[in-house]
Amino acid sequence: MENTNNMNNDRRKFLKFGLLAGGATLAGLGIQKALRADTIPESGKKVKLMTADGKLVEVDSNHMKHHIAEGSVTNAEARIGIEGKKLVMVIDLARCANARKCVEGCQKMHHKRAPVEWIKVKKMQDTNDSAPYWMAQPCFHCDNPPCTKVCPVDATFKRQDGVVLIDNERCIGCRFCMAACPYNARVFNWGDKWGEASDSTAAGCASPDNCSHNSIETSLQDKMGTVSKCDFCVDMVRAKKLPDCVTNCPNGTLFFGDANEDIVTNGEDTFRLSELIKDRAGYRYLEELGTEPRVYYLPPVERNFPFEEDKVPHNTSE
Amino acid sequence: MHTNTHLGPEYNALTDEEKRQHRIEIREVVLRPLKHTGLPGKLWIAFLLLIFFIGCYAYYLQLKNGLKVTAMRDYASWGLYISNFVFFVAISLVGALISSVLRLTNFDWYRPITRIAEIIAVSAIVFAGLIIIVDMGRPDRVLNLFVHGRIQSPIVWDVIVVSTYLATSLLFLYFPLLPGIALCRDKLTEKPKWQRWMYKTLALGWNGSHEQWKIMKRSIGIICILIIPLAISIHTVTAWLFATTLRPGWDSTNFGPYFVAGAFQAGTAAVIIAMFVFRKAYSLQKYLTEVHFNQMGKLLVFLCVIYAYFNLNEYLVPAYKMRGAEGKLLNDLFTGHYAPLYWSVQLFGMALPAVLLLWKKARKPLPIAIIALFVVVAAWFKRYLIVTPIMLHPYTPIQSVPANWAVYFPSWIELAIVSASLAGVLLIITIFSKLFPIISVWETLENEGIELEEMDNPKEETEKI
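So the sequences go chain by chain: A and B. Counting from 0, one number per residue, gives the positions in the first sequence under numbering that gives the first Met the number 0. Counting from 0, one number per residue, gives the positions in the second sequence under numbering that gives the first Met the number 0.
Please keep in mind that the hints were generated in silico from the structure rather than gathered at the bench. We treat Cβ as the ideally placed atom computed from N, Cα and C, and that holds for glycine. Careful: at least some of the hints might be erroneous.
What the simulated footprint calls covered on chain B by chain A, stretch by stretch (three residues with Cβ under 8 Å from a Cβ of chain A suffice, anywhere in the stretch; the number is not a length) [stated by the list, open to error]:
| # | segment |
| --- | --- |
| 1 | 33-47 |
| 2 | 240-254 |
Capping the alpha-carbon separation at 27 Å, the derived lysine-lysine pairs in BS3-like fashion look like this [what the hints assert, rightly or not]:
| # | chain 1 | residue 1 | chain 2 | residue 2 |
| --- | --- | --- | --- | --- |
| 3 | A | K192 | B | K67 |
| 4 | B | K327 | A | K121 |
| 5 | A | K222 | B | K327 |
| 6 | A | K121 | B | K279 |
| 7 | A | K122 | B | K279 |
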């Protein structure tokens, strides 16, 4: 009984994969042939499956297991985005105490080390007389993104779910997007294994398959001479998890969610996005540039922590 | 082409014998540098080759280790390569100015220098393209520009206009050169086989018939018109690489004309230097006369004044407002870190030349060549000032990065590669001048009122009579 359940699960997942990756154009025979080419030994046990276009095919059960991967998103799908979502982030500046755990979480998740920081914590002071505050700054995934406009090869693009991603297999490294981004959210892979953590194991991946699969969404495919940046952890979103910067913050500073559902959460507190912005006078950084960021800030009023200067400088060497 | 508008006043004064004498003499003079190269010439070429190969080695290291061997990092993500690219594109515009604008506006004195201007244009644009590839993180993917090219990216516009301008400039160099190549083919019979073959092939069977002259002159007339919008496009699009961003200091509607004005100024100065060097090295005093230096001096004054006007618009208007991040940048340029360089460039590259060249004595060959050298060097540094300080004055504060990321000083690799690109431009010009006549015989003679077309066809003429 348990076995059948597993089988059903496997089958469902396989069908899902077939829907996602193969699309309606993949003929059943094609799938079979592709699977045969795999290096995994066959068990000899065949399972009948129905493909997306309604054909009945027979595949080895071992091969099915190999393809259980919600994260294995094709490049074509990665360019479209997660259907029905409009991903959004809210950063409550009143809660930020410069713990830098978002930076560490992000680096761990994406196998990065100094000097690469896809999210930065900066000391901000709007005028000489106003109080300084700490501001976490990821990529804003702008709705009017200056970076994607200038890309000559469509290597960086805007998706339906609001996320701006980079295809490191296509990027030519002209760095025009870096010049175009007024927030300097983008980083460049100046050398081989630039800022890559030495322990490039699967730990920290949303699912182990993500780490082996070379997808635009996993951002584990950074290549020397190409641009990369915060990817809003879209592979985590597909796995129904929050980005690591959000879950790693000890103060619940960062909220992540979906504007379509009008909801954001930091893992503990959940708010209606529209109400939170309205009640707390949410704003977007440098609104006057017209880039329409998908990251909102809540002003640093009634703070949870007094402002403290950094005791040690961070990210000081390459 | 039997209009008399371009004929000099002494036209009627020359007898047929004198005209023939002129023709023999100029042909001897222009072919002399092609016949043998002296020790200084050989040393010069060896020196340029050395610089060039050091740069090639530096580029090999960059390919091997990635762009980390440069001083560029995430904030100064564009540096010397890009400013050098802008410089080369700027210099290349002079081909269109000298050969086309002056031609269309019925000036005559420019004729002996058209070829110098054109070869500067061609070699500069070739290295503009190369230096952009050097700047790429993934030069192995350069074909993606064609496979995945998106027309809304200013880089794609640049690829289109730069390649078109290169092709058109090559034709603009080539067509008026046909009689010159034919001259080489007929006279330089002792040259090695490959060179004789090259002359024979490139001359396209030129025999100086009226029909050939007609086709050649008509083709020049067409390119002459085509090249002006192209030249303005290449530098306007290059300006737009910056102006289409939101960065304080680049976010300017003035950038297109500002770049074009600066390009004409820098290119004219480059031609003056080349004129001076060729005049001395190839003993062309009789054809590149003081009149030419005098006229180029006046042109340079005019272009400096125009460039100053655009500089006023570019710096003074925002400086009046001193708004936010742009105000900080301007303060840094006017009185801060970049002030010595900024004021040197504005003073020695624009203001002083404009004033000094008002005196006729300053427009003599040697003084004007020195002034032009200042203009060109300042023009190079001006492009550096247009790129680097802006990159290091972003909206968001530069924090939580290694200290060397907040400053930019080019690494030896960048300096070596950029030096190699400059040497490469000079190398192309030098080698060209060793293979082809650097002044156009027929255009120079036309300027003196001698129609080479008529003289080379005495047979046809007698038949007509």
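Okay, the hints, checked on the actual structure:
1. 33-47: violated (count 0)
2. 240-254: With 6 residues in contact (Cβ-Cβ under 8 Å with chain A), the coverage given for the segment 240-254 of chain B holds.
3. A/K192 with B/K67: At roughly 11 Å apart (the allowed maximum being 27 Å), B/K67 and A/K192 satisfy the hint.
4. B/K327 with A/K121: Given pair B/K327, A/K121 holds - Cα atoms ~19 Å apart, limit 27 Å.
5. A/K222 with B/K327: Judged against 27 Å, a Cα distance of about 35 Å means the pair is violated.
6. A/K121 with B/K279: violated (60 Å)
7. A/K122 with B/K279: violated (61 Å)
The structure fails to meet hints 1, 5, 6, 7 from the earlier list, while all remaining hints are met.
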